[in-house]
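Novice: If you want the building blocks of each chain, they are given just below.
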Amino acid sequence: MDEMIIVNKLTKKYGDFKAVSDISFEIQKGEIFGLIGPNGAGKSTTMRTMMNYIFPTNGKISIGGLDSVKDYLKIRNLIGYLPGEFTTYDNMTGLQYLNHILHLRNQPNKINYAKSLSKKFDLDLNKKAKQLSKGNKQKIGIIQAFCHDPEILIIDEPTSGLDPLKQQEFDDLVLEFKNKGKTVFISSHVLPEVETLCDRVAIIKDGKIVAENTMSKLKSLAIHRFEIIFKNEISKQSFQNSMGVENIVKSGEKYIFDIKGNINKFLKEISSNEISSFKSIEPGLEEIFLSLYNKDSEEK
Amino acid sequence: MLSNILLKSLWDFRKAAIYWFIAIFSLATYIMFVVSSIELDAFQEITASMPKALTQFLGGTSGLDFGSIEGFLNAQVFTIMAPIMAIAVAVNYGGKATAQEESSKSLDIILSAPISRESFIIQKIFSMIIKTLFIAITHWVSYFILGIIFSQNIPIEGLSAICFNLFLMGITFGMISVFIGTLSGNSTQAISIGGALALIAYLVANIAPLVDSLSNTKYFALFYYYKGGEPLKNGFHSWHWIPFLAITLTFIFLSIYQFKKRNLL
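Chains as they are written, first to last, in the working numbering: chain A, 5 to 304; chain B, 626 to 890.
By construction, these hints were calculated from the structure, which means they are not laboratory data. Heads up, a few of these hints could be off.
[Unchecked claim] Here are the simulated lysine-lysine pairs, DSS-like style, with alpha carbons at most 27 Å apart:
| no. | chain 1 | residue 1 | chain 2 | residue 2 |
| --- | --- | --- | --- | --- |
| 1 | A | K170 | B | K730 |
| 2 | A | K64 | B | K640 |
| 3 | B | K640 | A | K209 |
| 4 | A | K78 | B | K730 |
| 5 | A | K258 | A | K283 |
| 6 | A | K64 | A | K13 |
| 7 | A | K64 | B | K886 |
| 8 | A | K221 | A | K240 |
| 9 | B | K885 | A | K131 |
| 10 | A | K132 | B | K640 |
| 11 | A | K131 | A | K119 |
| 12 | A | K22 | B | K885 |
| 13 | A | K64 | B | K730 |
| 14 | A | K235 | A | K221 |
| 15 | A | K254 | A | K264 |
| 16 | B | K885 | A | K74 |
| 17 | B | K886 | A | K13 |
| 18 | A | K182 | A | K123 |
| 19 | A | K170 | A | K184 |
| 20 | B | K886 | A | K17 |
| 21 | A | K240 | A | K78 |
[Said to hold, decoys possible] Facing chain A, according to a computed beta carbon distance under 7 Å, are these residues of chain B, among others:
| no. | residue |
| --- | --- |
| 22 | I754 |
| 23 | D837 |
| 24 | N841 |
All residues carry an ideal CB built from backbone N, CA and C; glycine is no exception.
Given only the sequences and the hints, what does the whole structure look like? Please build it.
Specialist: Structure, rendered in structure tokens:
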């Protein structure tokens, strides 16, 4: 079995409001899959349905070959979970909290691994949670999700409150986890983080998935930007009707072209002119996200 | 102490338990000091001259009886103070049982472990029951020890009976709060409603006997079953346990059902 998570036509309604509408995707074993979208798009609803905290109105979720509603207790043995709003108990130290959670998981012997993770994140486990900053509390959340060495990680906005150095530690930890053949489902609106970590991404908008693909495929769907300096003066209008040109900006002697879709036709067309400088700017996930997001809105 | 939800919940109560013990034992010491320093018969003459309605309102259906240690404790401790303490603890921890963890989102991590919702709520209910039992037992221990110290002849069966009824009434209101918490996930609402119901029950039990046409409504108030049979004087009155047990069991069932089937916040 290669699919560790299968979400099949999942719909979650609250009265007439559809928080998630008929979404489907699969996550392979050993894959890092990202679900991105703005607040309220349906990311947390999808994750909370996976965790059986809320029940699907329609559709099914299978995790590790088990049904998310019927077999939820078995599934929890496979999962490490970090919710979007992680809260610990203020009256407990980090060590007491992690001990408590590991006992609930019947894995108290994993406390040494938890301690080693706390060193990696530079976290003092002997302080009570009420004495910790938001970022340090979040580190406890990350450690509790990883410390029992689960097969699948489901993590919602994981680096919220972490400083850049610790975000890097987190990224390394996730990649180490993936290298062990484990599966990660990550939800975030921090696009660079998703771009760094994820093999595949789905974009969710108003409870619907508007795009889902590998990072490289998504990039090919997005707008490509080229900065070109021509040897001879040419008119902006001559490219206005070229294939795929979305926008042209002239800045000094430099032309900035935004090209949508297949770039080959555009490249052929401009190659008839003499070029003194050519720069291709790879679209970031943010550009891809905005491009696809806006496209979906326009289609409506 | 942190190996399961019940033990963690009791671990959280450890400081509060010390404060409650000090409060109850101090109050008991003060009461026993007063009772051993005054002439109860003289006190009884004063209360005998009061209108019956007033003594019933202050002392419940049995009225005020300061002629005996049982009557004095009944009026001074077990009519208002002890029920307030038992109900406060039960309603507070009942209302918070699931609702506080749900609204604060700490429940998300707990339930990500292989623990069913049923197991979680049952452990929380047990925790509320044990905390309420602690209040009842602390009353029993305090008055038993101080009765010996102050040479007051407090009947052990009567003391046991009223403390047991105190425990039963506490967990009944506590379970109502647990249930309201499972409906809304809002602990403030659960505690407020549970407390308000206890207050209404107290007023109905004490006011209803003053008006002939309302006298039968006392049977709908749990305070009647707590103290109506005068357990401190007469000992255990087992059929008075039935309403408490029936309501408690009903709300245990409803709470588990509701918590299991509801979308969490």
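Novice: Next step is simple, just say for each hint if it's right about the structure.
Specialist: Checked hints:
no.: 1; hint: K170/A - K730/B; verdict: holds, 24 Å
no.: 2; hint: K64/A - K640/B; verdict: violated, 46 Å
no.: 3; hint: K640/B - K209/A; verdict: violated, 49 Å
no.: 4; hint: K78/A - K730/B; verdict: holds, 22 Å
no.: 5; hint: K258/A - K283/A; verdict: holds, 10 Å
no.: 6; hint: K64/A - K13/A; verdict: holds, 7 Å
no.: 7; hint: K64/A - K886/B; verdict: holds, 17 Å
no.: 8; hint: K221/A - K240/A; verdict: violated, 30 Å
no.: 9; hint: K885/B - K131/A; verdict: violated, 35 Å
no.: 10; hint: K132/A - K640/B; verdict: holds, 16 Å
no.: 11; hint: K131/A - K119/A; verdict: holds, 13 Å
no.: 12; hint: K22/A - K885/B; verdict: holds, 23 Å
no.: 13; hint: K64/A - K730/B; verdict: holds, 25 Å
no.: 14; hint: K235/A - K221/A; verdict: violated, 33 Å
no.: 15; hint: K254/A - K264/A; verdict: holds, 18 Å
no.: 16; hint: K885/B - K74/A; verdict: holds, 13 Å
no.: 17; hint: K886/B - K13/A; verdict: holds, 22 Å
no.: 18; hint: K182/A - K123/A; verdict: holds, 21 Å
no.: 19; hint: K170/A - K184/A; verdict: holds, 21 Å
no.: 20; hint: K886/B - K17/A; verdict: holds, 16 Å
no.: 21; hint: K240/A - K78/A; verdict: violated, 63 Å
no.: 22; hint: I754; verdict: violated, 21 Å
no.: 23; hint: D837; verdict: violated, 50 Å
no.: 24; hint: N841; verdict: violated, 43 Å
Violated hints for the displayed structure, listed by number in ascending order: 2, 3, 8, 9, 14, 21, 22, 23, 24.
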